[in-house]
Structures are given as structure tokens and as C-alpha cells.
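**Q** Protein chains in written order, with this note's numbering: chain A, 1 to 467; chain B, 1 to 467; chain C, 1 to 467.
These aren't lab readings, by the way, just hints derived from the structure by calculation. Please note that the accuracy of each hint is not assured.
Each computed BS3-like pair below joins lysine-lysine, with the alpha-carbon atoms no more than 27 Å apart [stated by the list, open to error]: (1) A:463 - C:161; (2) B:111 - C:463; (3) B:463 - B:338; (4) A:111 - B:463; (5) C:463 - C:161; (6) B:111 - B:463.
To spell it out: a stretch of chain A is covered by chain B in this simulated footprint if at least three of its residues, at any positions, have a beta carbon under 8 Å from a beta carbon of chain B; those stretches are [said to hold, decoys possible]: (7) 95-107; (8) 378-388; (9) 434-448.
All C-beta atoms in this analysis are idealised placements derived from N, C-alpha and C, irrespective of residue type, glycine included.
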Amino acid sequence: MALHPDRLFPADETQRGIARRLYAAVRDLPIVSPHGHTDPAWYALNEAFPDPAALFVKPDHYVFRMLYSQGVALEQLGVPRADGGPVETDPRAIWRRFAAHWHLFRGTPTKMWFEHALEDIFGVTEVLAPGNADRLYDVIAGALATPALRPRALYERFRIKAISTTDGALDDLAHHDTIRASGWAGRVLPCYRPDAVVDPEFDGFRANVAALGALTGEDTSSWSGYLAAHRKRRAHFIARGATASDHGHATARTMNLSRAEAEALFATVTTGTPTPAECDAFRGQMITEFARMSLDDGLVLQLHPGSFRNHSDMLFRRFGRDKGADIPTPTDYVRALKPLLDAVGHEAGLTIILFTLDETAYSRELAPLAGVYPALKLGPAWWFFDAPEGMRRFRELTTETAGFANTVGFNDDTRAYLSIPARHDMARRCDCAFLSRLVAEHRLSEDDAHDIAIDLAIRLAEKAYRL
Amino acid sequence: MALHPDRLFPADETQRGIARRLYAAVRDLPIVSPHGHTDPAWYALNEAFPDPAALFVKPDHYVFRMLYSQGVALEQLGVPRADGGPVETDPRAIWRRFAAHWHLFRGTPTKMWFEHALEDIFGVTEVLAPGNADRLYDVIAGALATPALRPRALYERFRIKAISTTDGALDDLAHHDTIRASGWAGRVLPCYRPDAVVDPEFDGFRANVAALGALTGEDTSSWSGYLAAHRKRRAHFIARGATASDHGHATARTMNLSRAEAEALFATVTTGTPTPAECDAFRGQMITEFARMSLDDGLVLQLHPGSFRNHSDMLFRRFGRDKGADIPTPTDYVRALKPLLDAVGHEAGLTIILFTLDETAYSRELAPLAGVYPALKLGPAWWFFDAPEGMRRFRELTTETAGFANTVGFNDDTRAYLSIPARHDMARRCDCAFLSRLVAEHRLSEDDAHDIAIDLAIRLAEKAYRL
Amino acid sequence: MALHPDRLFPADETQRGIARRLYAAVRDLPIVSPHGHTDPAWYALNEAFPDPAALFVKPDHYVFRMLYSQGVALEQLGVPRADGGPVETDPRAIWRRFAAHWHLFRGTPTKMWFEHALEDIFGVTEVLAPGNADRLYDVIAGALATPALRPRALYERFRIKAISTTDGALDDLAHHDTIRASGWAGRVLPCYRPDAVVDPEFDGFRANVAALGALTGEDTSSWSGYLAAHRKRRAHFIARGATASDHGHATARTMNLSRAEAEALFATVTTGTPTPAECDAFRGQMITEFARMSLDDGLVLQLHPGSFRNHSDMLFRRFGRDKGADIPTPTDYVRALKPLLDAVGHEAGLTIILFTLDETAYSRELAPLAGVYPALKLGPAWWFFDAPEGMRRFRELTTETAGFANTVGFNDDTRAYLSIPARHDMARRCDCAFLSRLVAEHRLSEDDAHDIAIDLAIRLAEKAYRL
């Protein structure tokens with residue numbers, strides 16, 4: 001079906017009318033994407049995307065996990081094996097399998113994102129199905145070959161004002177340098193994601209720490225050298241536009257150890273035989289260290305805890321990380337964040353953005369914490385909850401305690417470049433839908449709702465992320 | 001008040017119109033009841049139900065727990081005492097007490113189920129009250145004496161296509177044999193519920209294990225003989241139509257021990273002094289063993305964890321099990337199921353159906369798990385959540401991650417035979433109401449919603465339970 | 001904007017019509033406020049309230065925590081420092097800061113409460129803003145000086161029928177005596193809140209226990225004397241109208257120790273070096289002791305667990321208790337309450353009212369517990385959840401299991417006297433909105449809804465609190 005202009009708005013005519021008016025004011029605002037996973041190489045090299053399967057199926061864990069859950073092998077979808085073993089290489093065959101299972105996505109955000117992109121970018125208003133799979137493949141493949149579908153052209157077409165990538169601490173940011181040197185007006189910013197050199201349980205952690213030393217000229221076998229190396233890398237990122245760091249820790253644990261304790265823990269995790277608890281403590285100490293660095297260099301600190309990564313041993317062994325088997329777990333914030341908050345939580349000049357995969361924390365912990373500590377803000381509904389029902393719950397569960405100003409607008413958090421306009425549009429529509437209910441129930445004036453809708457669409461993200 | 005044709009549909013006229021159209025397509029579909037607790041003796045003997053109190057009050061924990069919470073003694077409701085002590089025996093007196101407290105059920109599903117049965121089966125559209133209690137008693141008692149209200153006639157009148165009972169591993173299934181030998185066309189299937197011979201904390205566990213050996217001719221004092229005995233009993237059940245097993249463990253813990261470890265644990269729980277943790281581990285190991293048996297014999301495995309059974313010492317001592325004092329507890333699935341899922345979770349030919357009494361797990365754990373592991377499916381909103389608000393939350397919290405295809409339709413899970421049509425009707429209405437919102441908000445086409453409504457009403461249950 | 005007569009009602013016209021009719025029957029009912037924190041001195045002395053800042057900003061943690069979260073120092077809002085250090089003393093300057101940040105409260109209940117009071121009490125329908133801050137200050141300050149705004153006049157104007165304060169066990173209740181001696185018809189009741197003499201971790205606990213002995217003439221160095229002292233104080237409170245006790249424990253833990261064990265634990269917490277676990281156990285034992293006292297003296301027992309008090313070390317050191325940094329935590333009820341419930345949970349003559357700051361417990365634990373134990377009832381949505389979305393969740397998550405009769409109506413729980421009518425009005429509107437949906441969806445008759453609306457507005461509170 002074609003995209004309906006009223007999609008995601010409440011059915012009630014009064015609310016829908018309000019939602020339409022609010023949305024009209026935000027629909028065409030530029031996109032600010034302060035947290036995401038697009039590849040800087042796209043903007044640097046500006047090459048055509050290869051084919052529909054490589055664009056829509058193979059890299060999208062929302063897509064292949066659903067197909068896998070219903071019995072489709074990942075190999076049949078072209079997901080590369082860790083051992084280089086054989087997987088499907090014919091993109092058209094992958095696309096046909098995708099089409100044959102497209103009905104599985106009814107009721108999911110993936111369907112809305114994909115169909116939005118299909119219509120807006122490729123002019124296709126049909127529902128993907130076995131009967132039209134080949135024809136739609138050809139339409140998409142044909143369009144991808146045109147200049148209008150190159151990454152930079154799409155950046156402009158999408159009205160992106162700024163977009164952040166996510167980059168490892170050891171990344172040389174060469175693509176970012178290329179972008180900046182090219183004279184192109186697009187604003188693509190790196191984000192400092194140091195998990196590989198911070199998490200003692202990360203594959204190759206010790207070699208990574210050594211590499212961090214080599215890269216910075218600091219002695220990363222010492223605690224002070226290790227911290228100094230981080231400071232240098234952050235400066236390197238900041239010089240290329242970074243305004244934020246990001247941390248994908250398993251828990252929200254933070255620590256505030258004395259210098260001697262921190263040194264001893266650092267020695268344990270880099271040269272000893274650390275327990276899982278010591279690894280978690282080290283990650284927790286580093287959050288506090290990064291917050292202190294942020295007080296000096298201004299990076300916004302993002303904390304994304306709560307995922308049990310690589311839950312399936314088999315999928316991890318066969319396909320590696322990020323293959324759809326990361327499962328949320330209960331996440332404590334109240335006790336976990338106390339050391340950090342006692343250390344720096346009252347700094348109004350610091351911004352720590354909290355995300356969660358445990359929705360029970362919204363009203364019980366996160367809104368009350370963000371509603372009192374000046375340094376804390378709440379990130380948007382994340383990952384499994386980046387969807388209409390998830391977004392609605394986020395607003396219903398946080399607004400009455402934390403208001404709107406302690407939230408930071410929308411993140412698309414995606415590596416699916418073509419879905420970015422659809423995701424921001426969904427967020428804007430869902431926020432307008434939420435606001436329309438408050439207005440219709442006379443809990444908020446329409447003028448206030450109008451102002452807030454613009455905050456949520458762009459201003460809060462620009463402010464929180466210092467863009 | 002008489003049953004309203006639009007009951008449980010959203011008030012908004014647009015949504016209500018959609019819900020009506022969707023419901024029209026599922027209203028008259030047959031009932032498939034793949035999990036429940038009706039008594040096979042009813043179908044085997046086809047005797048009249050005794051009286052209104054025996055039918056609606058004494059056996060229904062939804063009913064007597066509410067009355068008890070407001071000060072009515074269970075003895076006054078005719079609930080039998082464990083010690084055989086005196087309880088009310090006059091069904092009319094029990095019925096009057098029920099009528100005097102009927103207002104307590106306003107807003108609960110019990111009220112809707114009861115009033116549905118009253119109107120559809122007995123033609124009564126009045127609200128039960130002290131003033132009409134005797135008259136309604138007579139109407140119901142009179143009808144119960146007629147052939148049209150016998151179990152088999154009701155089975156046909158209810159348009160039941162298949163119904164599962166729940167039967168202990170030691171049950172001889174004689175009633176099931178009687179049913180099958182009778183030539184009656186009704187399809188009544190046993191379900192393998194082996195808690196009494198699996199749970200070391202179950203009353204009489206060791207004697208039960210010995211009886212299992214006697215019944216099967218296997219040496220259940222050995223681990224291998226014990227497993228072989230289960231396989232034989234499952235075959236006995238399967239020969240009588242069983243397609244599923246069911247497990248009412250306190251937690252979702254699973255284990256995947258080596259053979260030597262499992263043997264040692266078996267010895268501890270059958271001959272030693274096991275700790276509660278060892279008992280839980282043994283139950284957890286047996287889930288994995290049953291899943292392996294399912295790979296061979298095809299039984300669908302149902303896991304119903306999360307109830308703190310017999311929370312009240314007094315009620316348990318005085319009245320025994322299942323008397324309304326089972327209370328949900330927080331339930332972990334992510335870590336608890338990992339051993340099972342690493343062992344068999346990727347088997348697309350296996351079906352494990354998960355239920356929960358901890359709704360926080362829907363979006364955080366269950367939908368993400370069922371949305372990736374081929375062997376997992378989500379059972380419907382269970383027990384306290386088998387009600388309009390509970391069903392709505394189930395769909396809102398699971399659909400965006402797991403879709404519809406990773407759920408299994410509706411279970412009535414009841415021993416209240418006369419409420420079965422009401423329960424399935426409620427589920428169909430609530431699912432249509434949910435779908436009508438997606439359609440009205442242009443998140444789903446009405447054609448797709450129509451197709452899904454039929455899936456949810458019957459097809460997913462038939463498929464998941466292999467009926 | 002002026003208060004809209006339909007505020008908080010659903011937008012759908014059918015539901016709104018029903019909500020209007022239900023609300024019309026409860027709008028003008030008297031207010032019963034069985035749990036709150038207004039100052040008995042107000043009613044005793046009947047003096048004018050000092051100024052707008054002292055009334056609306058300085059004492060209201062909902063207000064100053066939000067401003068603090070957005071970078072306003074508490075000193076600038078006149079919140080007194082523990083060390084007596086300098087804070088803003090000009091009420092007009094405080095008011096201007098409040099006005100400058102008023103937009104932060106959009107979407108929060110604080111905005112609705114404040115604007116309700118502003119219009120109803122001061123006739124102001126403008127939205128507070130920097131441009132009108134001085135003028136509104138003058139309007140309010142002028143009105144506060146008039147006799148119509150004195151506490152007793154407001155009590156009558158608010159149609160309060162009874163209001164409970166909250167008073168420490170060591171409080172002499174002199175203000176309550178003054179009120180009763182004055183001949184004024186207002187009904188102001190004390191409530192027994194003994195945390196300071198029960199919680200071993202309370203500042204000055206041992207001195208407080210000694211003072212309790214001095215006050216009662218009992219030997220509070222012995223367990224039996226300590227209990228006797230409580231009984232005497234409770235009698236003192238009851239003689240002044242108290243019908244309830246209240247307990248702000250960190251957890252819901254209860255204990256039912258033998259007399260010897262309890263004596264030993266009492267000795268540890270009063271003369272030894274108790275661990276945190278022993279302190280929690282002692283608080284838990286005291287809940288059971290108080291429940292036993294209630295069986296004799298009839299006080300209703302309120303349990304308010306789940307707050308991590310004084311989460312910020314800095315705020316606690318600088319400003320003391322209750323300064324907005326109390327954060328909810330996950331709260332177990334099922335295991336925690338079992339000792340209490342096994343001891344007294346089946347006593348239909350006892351009333352224990354449970355509150356929660358962990359909404360996940362509503363459907364999982366609290367409704368099932370209150371739906372079976374005669375002694376248990378559920379308090380209304382509390383603190384962070386005393387707001388439209390929070391109230392809606394409370395009803396949606398508890399009604400299907402516990403019905404309405406196992407809840408106790410509304411508590412305003414406030415020290416903000418002028419907000420009391422607004423809070424009760426919000427609760428009445430939200431309950432009517434919830435009921436209107438049930439009626440519109442034909443899940444409840446409008447007659448039943450009408451009856452329930454009155455229960456929720458006043459009758460359940462009067463019954464549960466024995467007023």
C-alpha cells in the first residue's frame with residue numbers, strides 16, 4: 001500500500017487533526033543524526049551501493065534475525081561466515097528469499113522503514129512479494145546505479161544537517177579526513193567508541209591496549225599512560241568534529257576508585273587473570289574516567305548498557321558479533337550509577353546520555369535520576385524499542401517525572417542508510433501523536449505542543465550533542 | 001446487561017468499524033484449545049454437571065480467591081478441606097454467597113466470561129444479584145439436567161475442533177481410551193505433564209519415580225532407566241493423540257550437564273538430600289532432556305515458569321494446591337534458557353513455547369529470544385494476564401520485535417468448561433481490537449490484518465501444536 | 001490557558017460523554033485525605049501563608065528537583081542549607097527564577113496542579129512566564145494576606161471532610177491538641193510514623209529510642225518495654241483521632257522471629273554493631289509487630305517501601321533529607337511479605353495498605369497478593385506515579401486481578417496544601433476516564449461505573465482508613 005499521509009497518527013479525529021498540525025511544522029526540518037552506524041567510507045568514497053541484498057538484507061540484523069527465527073539459515077541470506085565458509089552469493093537469490101518471507105514483518109517497524117524507503121527513494125508502492133520480487137529488484141538495482149543514489153546525493157536529499165558515525169579508538173579516521181579534505185559541505189562526525197581498548201573481555205583487548213600506546217606514543221602499560229592515550233585519541237576525534245563518546249558496556253556499573261585502587265585494577269586486567277567482576281569494575285571505573293575527561297574536553301558521554309551480547313554460542317562462533325542474538329537483560333541504574341553521579345553528577349556542564357534495553361527502568365529509575373541530576377539526560381527508545389509502541393511507552397513513562405527537557409530527541413542508531421529519513425519521520429510522527437493526546441485531553445496547550453514538537457525533532461538533539 | 005455485539009472493541013468509530021469487519025471473519029471459526037485443564041472424564045462419561053455451585057464457584061480459583069480476599073471463608077464456598085473437615089455442602093447456599101459478592105468482579109474477566117456463558121448457554125441476560133440468585137440457580141440447574149448440556153453436546157455446540165487436557169505422567173489415560181473407543185468424533189488429546197515425577201520438591205516425588213518404573217518396566221533408580229521410562233510414557237501419550245508436554249517449573253532455569261553430572265544429580269535428588277538449588281538444577285536438566293526427546297518424538301514443549309506456588313502456608317495446609325495463593329515472581333529467561341538454547345535452540349524442527357507471569361519479560365527478553373531462536377515461540381498472555389488489558393499488553397510488547405508468527409494463538413488454559421467459548425471469543429475480540437488500531441493508524445493494511453486475525457484465532461495454534 | 005472542563009478526559013466523543021457523566025457525580029463530593037504531609041501547625045495556628053515562594057517553590061520537591069536537573073542551584077531557590085549557609089532570601093527573586101523555568105513542567109502533573117490552584121484560588125488564568133511573574137506574585141501575595149486564604153478557611157473551601165497529617169512517634173501532637181481544643185469543626189488526624197524510632201539506620205536512632213522510653217515511662221532498653229512504649233504512643237495518637245500508622249522502609253521485607261530471636265536482634269540494633277541486613281531484618285520484624293498491635297488497636301498499617309533515600313551524597317550533606325534525590329528501586333513483595341502474611345495476612349479485621357515505587361509489581365505481585373489475602377489492600381499510584389499516566393497504569397495493571405474493592409481510593413500524600421483540590425480532582429477525572437473506556441467498550445455498565453466512581457472518589461478511602 002502507498003504511504004498514508006496520516007500514518008502513525010491516532011484514529012480519533014480530534015487527536016488526528018492536532019497531530020497533523022504539529023507534524024506539519026516538523027516534517028521538513030533537517031535531520032540531525034547524532035548517533036548511528038553508517039560507514040564513513042560511503043561519504044568519503046561516494047561509490048554506488050552494490051545491490052538490493054547488500055543494502056537491505058545482509059547487513060540488517062532486524063531483517064535477518066526475523067527470517068532466522070522462522071527457519072531461514074543465515075547462510076542463505078548471504079551473511080558472511082567467520083570461517084569464510086560458503087554462503088549464498090547471488091544477491092537476487094537472497095532478495096527472493098527476503099521477499100518470500102516479507103509477511104513476517106507485518107506489525108514491525110522494519111516493514112514501515114522499508115516501505116517508506118521503497119516509495120520515497122524508488123517510487124515503489126507495491127508490497128514486496130514473491131510475485132514482484134524480481135521486478136522490484138531490477139527497479140532498485142537500476143536506481144542504485146544512478147548518481148542520485150550515491151551517498152552524498154542522498155545525504156543532501158535526506159536534508160541531513162549533521163550525522164555521527166561510530167568509530168573505534170584505534171580507527172585512524174582516514175575516511176573522515178578524506179571527507180573534510182574533499183570540500184564537500186556534508187557534516188559527518190566521528191564518535192569515540194573505545195570498547196575494544198576498555199573492555200577486558202573484548203577480543204584482543206591486550207593487543208588493542210598495546211596498539212593504543214603505539215598509536216599515541218603513550219606508555220599504555222601504565223595507568224597514567226593509558227589515560228593519557230585516551231585523552232590524545234579523544235583530541236584526535238574532536239579535531240575531526242566529534243562531540244560525543246559512546247560506551248556499549250554490558251551493565252551500567254560505575255566505579256570511583258582511588259588512584260591506587262584504579263592502578264591495581266588496571267594492572268590486573270592488563271597483565272593478570274581478572275575475574276568477570278573485576279572486568280566489570282574496570283569498565284565501570286573507565287566510565288567515571290571518561291566523564292572526567294569530558295569535563296575538560298566537552299565530549300558528551302553516551303552509555304548503552306543492558307545487552308547480553310552474543311547470547312548464542314553457535315551464532316557467535318559461526319558468524320561473529322552483531323548477528324541478531326544480543327538479548328536485553330534487567331539493568332540496574334540506581335546503585336550502578338551512584339559512584340559516577342557522586343563524582344560528577346552535579347556538573348551542569350557535563351552531559352551523560354543514558355539508554356536502556358530494560359523498559360522497567362524508564363519510570364522507576366531513569367526518569368527520577370534524569371529529573372534531578374544536572375549531568376544526566378535520557379536517550380530515546382533504543383533498538384528493540386525504536387518503534388511506535390516503544391516510543392509511546394518511552395514518553396508515557398518518562399514525561400511526568402523528567403519532562404521533555406531532560407530527553408535528547410531522536411537517534412536513528414542505524415547502519416541502514418536508506419532508512420534514515422523513515423526512522424526520523426517515524427519518530428516525529430510518534431512524538432506528534434503523543435503530544436496530540438496531551439493537547440486533546442487539555443493537558444498541554446497546542447502552542448506548547450508545537451514548541452515541544454520542534455524541540456523533539458531537532459533542537460534537543462542539537463543542544464544535548466553540542467552540534 | 002445483555003452481551004453487546006461490539007464489546008471489547010475500541011470506542012473510536014473508525015477503529016470499531018475495522019474491528020467489526022475483522023471479527024466477522026473469525027467469530028465463527030472452530031475452537032482449537034491446545035492447552036487446558038478440563039477433565040477427560042467429562043468427555044468419557046458424558047454425565048450431567050452436578051449443580052451451579054459445582055460448576056461455577058467451587059472449582060474456579062479466579063472466583064473464590066476474589067471472594068476470599070474480601071473476607072468470605074473458603075469453607076463457606078464449599079472448597080474441600082484437606083483434612084476432610086466440614087465445609088458448606090448446600091450448593092444453593094454457596095450460590096447465594098457468590099451472588100451477594102458478584103459486584104466484586106466488576107472490571108475483571110471473570111465477569112465477562114460468566115455473563116457470556118449465562119447468556120449464550122442459559123439465555124440469562126440479567127446481572128446476578130441477591131434478588132435473582134435463587135431464580136437463576138433454578139434456571140441453570142434445570143438446564144444442566146438436559147441432554148443439551150452434557151459435555152459432548154457442549155463440545156459440539158462450542159464448535160471445538162480439538163481440545164487438550166493435562167495429564168500426569170502416571171495417569172493411565174483410561175478416560176482418553178474410553179473416548180477413543182466410543183466412536184465419538186470429538187478430539188480430546190492428553191498432554192504430558194510430568195511435574196510429579198520430575199520435581200524433587202513435589203509431594204511424593206520418590207514414590208512417584210518408583211511408580212513410573214513399575215508402570216513402564218524400566219529401572220527408574222538409574223538415570224538411563226528414568227529417561228527411558230519418560231520416553232515410554234510419552235509414546236503412550238502420543239498413541240492417544242498427545243502433541244505436547246507441559247512443565248510447571250518454578251523458574252525457567254535450564255541445564256545441559258554432561259552425562260556423568262546428570263547421573264550424579266539424579267542420584268542426589270532420588271536418594272540423597274538435595275538442596276533447593278539442586279532441585280532447581282534437576283528440573284532444569286530435565287527441560288533439556290525433554291527437548292531432546294521432542295526432537296525424536298515430536299512433542300511440543302511448553303514451559304510455564306514464574307509462579308510462587310502455595311504462597312500461603314495456611315491455605316496450603318488447609319485446602320491443598322491450586323487454591324488461589326499462587327503468586328507470580330520476577331522470572332529470568334535470558335540466562336536461564338541459555339543452556340537449553342545452546343543445546344537445541346537452533347533446531348527449526350523443535351517447538352518450545354514459553355509462557356510468563358512476569359510481563360516485564362515480554363519486550364525485554366521473550367520477544368527478542370523468540371525473534372531469533374528458531375525453536376522458540378511465545379505462548380499467549382497467561383493466567384492473571386488472560387484478560388483484555390493483559391492481552392493488549394502482550395501484543396503491544398511483543399509484536400514489534402517478534403512479529404505475529406513467533407506467537408502461537410490463544411490457549412484457554414481453563415478447567416471451567418462452560419467458559420471456553422467466552423474465553424476464545426474474548427481473545428479474538430481483543431486481537432481484532434489490537435489489529436484495528438494498527439489498521440486505523442495505517443501501520444498495517446486491512447487485508448493483512450484480516451489474514452493475521454485468522455492466524456491468531458486458529459492457524460497459529462494448529463501449526464505450533466501440530467494439530 | 002484556562003482550566004478546560006473536559007481536561008483529562010479521553011478525546012473520543014463517546015468516551016468523553018461517559019466520563020463527563022461519571023465525573024458530574026463525583027466532582028463535588030467532599031475530600032477525604034487519609035494520607036498526607038500538611039503541617040498541623042497550619043490548622044492549629046491558622047496563620048496566613050507567608051509568600052508565593054514559600055508556598056509553591058521552597059517546600060515542593062517536585063518543583064525544585066526539576067529546576068535543579070536543568071542547572072538551577074537549590075540555593076537560588078531558597079532551599080535551606082544544612083550548615084545554615086547563605087541561600088536566596090528574597091521570595092520575589094525565587095519566584096522570578098521559578099517563572100523563568102516554568103516551561104520545564106509542560107507535560108508534568110506539577111503544571112496541572114499549580115495552574116488549577118492558580119485559577120481556582122487566585123483567579124489567574126494566565127500561564128506563568130517571566131513577563132507576568134511580578135504581577136502574579138503580587139496577586140498571590142495579596143490574596144494570601146486575606147482571611148479567605150487562611151488554612152482553616154481553605155479547609156472549608158476545599159470541602160475537606162477529614163485530613164491526616166504524618167507525625168513522628170516522639171511528636172507531642174500539641175498542634176493536634178490545640179485544634180481539638182479550639183472547637184473548630186475541621187477534622188485533622190495524626191498518623192503514627194515511627195521510622196525514627198524503628199529504623200536503626202535513622203539519624204539519632206538510639207537517642208530516639210531512649211526518648212521514646214522517657215516519653216512513655218517504659219524501659220525501651222528491653223524488647224518488651226520497647227513494644228509497650230509503641231503501644232502507649234499509638235494509644236496517644238488514637239486518642240487524638242489517628243486511624244493509621246505509616247512506615248517508610250527501604251524495602252518490603254518482613255520477619256516473624258521467635259521472641260528470643262527478636263529480643264536478640266533488638267539488642268544488636270540498640271546496643272551492638274548491626275549489619276545493614278540486620279537493620280533491614282529489624283525493620284521487617286517491626287512491621288509484623290505493628291500489624292499485631294493493629295489487631296488490638298485497629299490502626300491501619302501503611303507500607304511505603306522502595307525508595308533509595310538520599311541517593312546523592314552531596315545533596316544530603318548540603319541540604320538534608322527529602323530534597324528530591326530519592327530514587328525508586330526494584331522492590332520484591334512476594335518473598336518479602338510472606339512472613340507477615342503467614343502471621344496475620346488472613347485476618348479480615350486487619351488492613352495493610354501497600355504502596356509501590358516499582359510499577360512492575362502492580363500486575364505481577366501486588367494485585368495477585370491483594371486479590372487473595374484478606375488483610376491486604378493496594379494504595380493508589382504513589383509519588384512519581386501520582387499523575388495521569390501513572391494512575392492509568394495503576395488501574396490497567398491491577399483491576400483485572402484485584403478488582404476495585406481491593407484498592408483504597410486516592411491519597412494526595414502532599415505537603416502542598418493549595419494543591420489538594422487539584423490532586424483529588426485529577427484522580428477523580430483519571431478514574432472516570434478509565435471507567436469511561438470500560439463502559440465504551442461494553443466491559444462495564446454505566447450504572448456500575450457510576451457506583452465505582454463514587455467508591456474511588458470517597459467511599460473506599462473512608463472504609464479502608466476507618467474514617
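**Q** Each hint needs a verdict: does it hold in this structure or not?
**A** For each hint, the structure was consulted:
{"no.": "1", "hint": "A:463 - C:161", "in the structure": "violated (49 Å)"}
{"no.": "2", "hint": "B:111 - C:463", "in the structure": "holds (24 Å)"}
{"no.": "3", "hint": "B:463 - B:338", "in the structure": "holds (25 Å)"}
{"no.": "4", "hint": "A:111 - B:463", "in the structure": "holds (24 Å)"}
{"no.": "5", "hint": "C:463 - C:161", "in the structure": "holds (14 Å)"}
{"no.": "6", "hint": "B:111 - B:463", "in the structure": "violated (31 Å)"}
{"no.": "7", "hint": "95-107", "in the structure": "holds (count 5)"}
{"no.": "8", "hint": "378-388", "in the structure": "holds (count 4)"}
{"no.": "9", "hint": "434-448", "in the structure": "violated (count 0)"}
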